[in-house]
Amino acid sequence: MSDDLNNLYRDILMEHYKFPRGRKKLEHADIHNEGQNPSCGDELEMELQLDGDKIKDIYVSCVGCAVSVASGSMLADTIKGKTLAEVKKIAAVIRGMLKGEDVPDNIDLGDLESLRGVKKFPVRIKCALLSWTTLIDALAAREQGAEIRTSTTE
Amino acid sequence: MSDDLNNLYRDILMEHYKFPRGRKKLEHADIHNEGQNPSCGDELEMELQLDGDKIKDIYVSCVGCAVSVASGSMLADTIKGKTLAEVKKIAAVIRGMLKGEDVPDNIDLGDLESLRGVKKFPVRIKCALLSWTTLIDALAAREQGAEIRTSTTE
Amino acid sequence: MKSHRQILEMSGGVPTVTSFKPERIKLDFPIFTRTVHGKPLIYLDSAATTQKPQVVLDTIEKYYSYQNANVHRGLHTLAEEATAAYEATRTKVAEFIGGVKPEEVIFTRNATEAINIVAQSWGEANVRHGDRIVITQMEHHANLVPWLMLSRKTGAKLKYIKITGDGLLDLSDIDEIIDSRTKIVALTQMSNVLGTINPVEEIIEIAHKKGAMVLIDGAQSVPHLPVDIKALHADFLAFSAHKMLGPTGIGILYGKQEFLEKMEPVTYGGEMISDVRFESVRWNTLPWKFEAGTPHIAGAAAFGAALQYLQNLGMDNIRRHELELTAYALERLAALDFIKVFGPTDPEKRGGAIAFADNDIHPHDLATFLDTLGIAVRAGHHCAQPLTKLLGVSSTTRASIYIYNTTDDIDHLADGLNEARKYFRYV
Amino acid sequence: MKSHRQILEMSGGVPTVTSFKPERIKLDFPIFTRTVHGKPLIYLDSAATTQKPQVVLDTIEKYYSYQNANVHRGLHTLAEEATAAYEATRTKVAEFIGGVKPEEVIFTRNATEAINIVAQSWGEANVRHGDRIVITQMEHHANLVPWLMLSRKTGAKLKYIKITGDGLLDLSDIDEIIDSRTKIVALTQMSNVLGTINPVEEIIEIAHKKGAMVLIDGAQSVPHLPVDIKALHADFLAFSAHKMLGPTGIGILYGKQEFLEKMEPVTYGGEMISDVRFESVRWNTLPWKFEAGTPHIAGAAAFGAALQYLQNLGMDNIRRHELELTAYALERLAALDFIKVFGPTDPEKRGGAIAFADNDIHPHDLATFLDTLGIAVRAGHHCAQPLTKLLGVSSTTRASIYIYNTTDDIDHLADGLNEARKYFRYV
Ligand SMILES: Cc1ncc(COP(=O)(O)O)c(C=O)c1O
Ligand SMILES: Cc1ncc(COP(=O)(O)O)c(C=O)c1O
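Residue numbers (this note's numbering), protein chains in the order written: chain A, 285 to 438; chain B, 285 to 438; chain C, 444 to 870; chain D, 444 to 870.
What the hints contain is simulated information worked out from the structure, not anything from laboratory work.
Mixed in with the good hints there might be a few duds.
To give an idea of the interface, some chain C residues facing chain B are shown, with a C-beta separation under 10 angstroms as derived from the structure [stated by the list, open to error]:
1) Gly517
2) Glu523
3) Thr526
All C-beta atoms in this analysis are idealised placements derived from N, C-alpha and C, irrespective of residue type, glycine included.
Sequences and hints are given; from them, build the entire structure.
Listed below in C-alpha cells is the structure:
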C-alpha cells in the first residue's frame, strides 16, 4: 500500500479507532457540546467534568470514520488531568499542525503525533479536526458565558 | 463587395428604402396596428383603409434599417387595390420565402423578388418580416374581432 | 493525448454500435490515460459527474477558437455562428427528450436551478396555504429543499411518498398522499443513492387525475435511460449536462408551453426582455424569458456534441449495457458477506448507482483506501441526508457506472473491498 | 492551431510586459487565425464578450482531461483536484479585486445573476414601501430590471441619477436623489454604451453617509481597469468572466461578509446545505450558501487562467493601452463628419466602448456592411433601451476594444465607415 496511506492509518491511530478512550458517560458534566461534519455525517458528543480549572474527566463519543474517532480518542487521553490553559494550547497546536503549521519544539505530542499523516489527505483534515473544534468552541463559549449548540468543521 | 451583400442591398431595395411608398397618413383607417422589433429598436405603424374587401389605401411608416423600411414600402405598393384574400395569400408566400420555403410558380412577386437576398442573412430576416407580421396579425385580429396592440417578430 | 488520438483514429473515429464495447468507448475519454496513485483510473463516480469524451472537448475548443461571440442581437458573423450553435443544441435537446418544442427547453445552470425555477415561479404563483406538495423520501436535496422552502413560504403541506425496505416507492397509500389538495408532485425518475427506477408513468397518471402537476427530476434518468417526456406527459423535467458527458455549468428545464407561458421569470436582465422603459418592462417570448444575461454558450455547444455521442451509441444500448453491468456488480457484491447493498436487488428495477456499506469499515476510510488503488467511488450522504438517515446509517459508499465502465472495473472494486478488509485488519 | 502555437513558442510564451504589444497579444488568441468573409477578423465587440487566449482553452482541456470530478464531499483524488482548482480561482478572484476574503466571493452564472441575488435576497429583506432605490439612466438591463421589479414588489421608489449631454452622471442634485430613505444605490462603474467611467468612489461616500448600501456593476470596469473594491468600500460588486478572457457561464458576486452572512440564499439544493431533515434545513457557511447544485467547475478553473493572463499583462498597462487606443479611435471618428459619437469626448473619462451613429446609414445596415469587411461591431440598444431612447435614437453602432486591438483595427473601422457611405451611395 502507498506510504501516504500507511502514514494516515498508522497502527496507533487504528488502535484508538478500534478501542476508543473516553467512552464512559459522566455522572455529571460541567461542559457539554456536540460536533458535526454534516457533509460526512460524522457526529460527536463531548462532556467535560472540571475540578477547579483542571479537566477531571471527559466523555467523547464519535460516530464517524477512523480518523475522526481516533482523533477524539486521543483528545480524551491527552487532555484528562490538564488545566484549561494547557488544553487550549494543545488544541491550538493540533489545529495548526493539521493545517500544515510547524509544531513548536517544546511540545510533546505523544500519540497525537500520529495525526500528522492526515495532512496529505486534505479532505480528511476536517475528520481529524472534528473533536478539537468541538472542544475549542465549548471552551470559548464557556469563557464568554455564551450558550452553544453544535460545532461544525465546515 | 461580396455577392451576398449586393444580393441583400439590391438597387430596388435601396430605392424603396430611400423613397418609401405609403408614407401619406390616411384620413380615415379601418385597420390599425403597430409593429416592433424590440431587439433592434425598429418600429412600424400601419393603417389600412378598406373598400368592401379590398385594400383601398395604406399607410406604413417604419423607423428602421434599409431592409425593414424597404420591405414595408414594397408591402404598401403590393397590397394596394388587392382583396383581403389575395393579400393574405401574398403575405403567407413572402413569409414562407423569407423562411426559406419555395415560392409557388404561379406567383409574380414583382419588386418583392428583391427580398430573396435576405435569406442569406438570418439575423436580418426579422427586419424583412416586420411589416408582414404586422399586417398578418392585424388581419387575423380583425377576422376574430379581437383587439390588437403591438406585433413583434421575436 | 497524442497517442490516445492516434489509437482513436486507428480504431475508426465515432463509435457505431453493433455490439456495445465499453473498452472501445473508454478510448474516447482522455481522462482514462491518467493514473491515480500510480494505478490506472477506475472511475465509478458517474452519478456525481461523468467524464467527457474528446469530441466534447474539441467542440469547446472549436467554439472558443472559431465562433466565440455573444449570442442574439449580434449582426456579425461570429455572433450569428455562436447563436446558431447555442440554438442548435436547444433543438437537439428537444428531440432527445421525445420531440418537444424547442421553446419548451430552457437552459439553466444545472438540474438544481431548473427545479428552483419551477418551485419559485410556478410554485409561488400557484401553491396556497392548505395545499399539498408531494415528493418522495428518496429525493436529492435539489428536489427536496426547494419544496420544503415553498411549503414554508406558502403554508402548503409537504408530504412524502415512503419507500419500502427494498428501496422501492411504497404506493400502497398513494391515493391518500396524492389527494385533491395536491398541487404538484415532484419526484426523481432514478434515485442517485438506491438506483431505484420509479414508476413515473403511473404516478403522473394518478397526479393528473387529481389535478396535480408533475415535475420529474431526470438528473439520473435522462443520462441512463431512453426518456420520452412527451409520452410520459410530465409537466416539467430537470436534468444536468455534466451527468451525461456534457460540460459543467449547463442544465435543462423542460416545461409544457402552456405552463411556461404563464410563469413569471425569476431572474431579470438582458436577453429575457422584449422592451424596457424607465418605468416598465415587457418579457421576451419563450424560451428566452427565463434566460437572463449572457448564457453558457460554449456549454450549450458542447452539450450538443455530448447528446450526439449518446445518440450514436443509442440510449437503448446504453440502458442494456448498464443493466448487464449492474447485474454483474450486484452479483459480485452479494458474494461479499461483509458488504450490504442498499436499493432494489432486481437489476431491472434499478440503474447503476449502487450504494453499499462495509460491516466494519467506515465509508470514508473505504473511499480513501480505494482511491489509493485508483478506484474513484463516493462516500457520504450523496446529497440525500433524509434518505441516508432512513437507511439507518450516517453515510454510504457509492459506486456508479456509465458507458465506459467494464466488468473489469467491477472486479477491481470487489478485489479492492476484499483488500480493504485485510488492510484494516478485519480478516 | 499548430502554426499559431509555433509562432507563440518562438516568441517566448506568456507575455511579459515592458511595452504593451497588442500585435503580440493577438497571437495568443486562436480566433484571430480565422477569416470572416475572406477577410482577417477585426474584433471590435469585446464589450459584448471577449475572445479567449489559448491558455484559457488549454486549462479547460486540461481540467476535463485530467481533473474532472464533482467538487466538495469527494474523497477521491480527482474530486480533490477538481475542488482545489475550483477554490483556487475563488482565492485568485478575491486577490484580483483588491484582497477581499475568499468567502466573500460567490460564483454565479454571470453578472446578471449576481445582481439578481442581491436584489432578491438582500432587497426583499431590507427594502420597504416608501424606501428609495437609486440607479442611473445609463444602466444595462441587468442593473435596471431587477431593481424595477424590486420596487414593484416592495413599493419602494426607483430614482434615476440623470446623465448630462456629455454622457456623464449629473451629480448636481445627487443629495436630493440619494436621501435618507435610500436603501441602496446600484450603478455601473463603466457604461457599456457611452464608455463613461463613473465616479463611484464619490457616490459610495455619499450613499454611505446617507446610510445606503452600494452595488457596483463591474461588468465593464473589472475587465478594463484596476478595481480595488476594498479601497472603494463598495458593499457588492458583480461581474462576468466572459468579458475578461474567461469562459461563458461563470460570473462573480462579491459582497461584504457581514451582509452576505445575513442574507438568505435564493436557490436551494446540494452544496449550499449543511444539514437537512425531512422537515428542516440548515444552510452551509459562506460562500457555498449561495452556490446550489453542481457549479461550473471547468469554468472556474479556466477563469483562473484568464485572471493570471490579465495579471501578467498588468491591469494598469491594460488601462493605459485602452486609453491610448480610445483616444486614437475618438480622433479618427471625429474626423468623419457623417459620424456622431456618443459619450464623453475626453478619453480619460471613459473606456473603450464607443457607440456612434452615421447620419444616414442605419446601424444594422452598417454592422452588416462592416461584417463583410471582417469587422465585428454591434448594433442595437446594447441592452440599455432607456439610455438609447434618451440619446434620441432607436439604436446605435458600437465598437469596443480590448487588449488585442491595435490602431490598425481602428484604421480599418474608419476606412469601413467611409466605404459604407460609398456603398450605400451617400457620397
Ligand atoms: C454594464 C453591464 N452590466 C451587466 C452586463 C450583463 O453581463 P452578463 O450578460 O454577462 O450577465 C453587461 C453585459 O452586457 C454590461 O455591459
Ligand atoms: C437525483 C438528482 N437530482 C438532482 C441532482 C442535482 O444535479 P446538479 O448538481 O447538477 O444540479 C443530482 C445530482 O447529484 C441528482 O443525482
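Cross-check of the supplied hints:
1. Gly517: holds (7 angstroms)
2. Glu523: holds (6 angstroms)
3. Thr526: At 8 angstroms from the nearest chain B Cβ, C/Thr526 passes the 10 angstroms test, so the hint holds.
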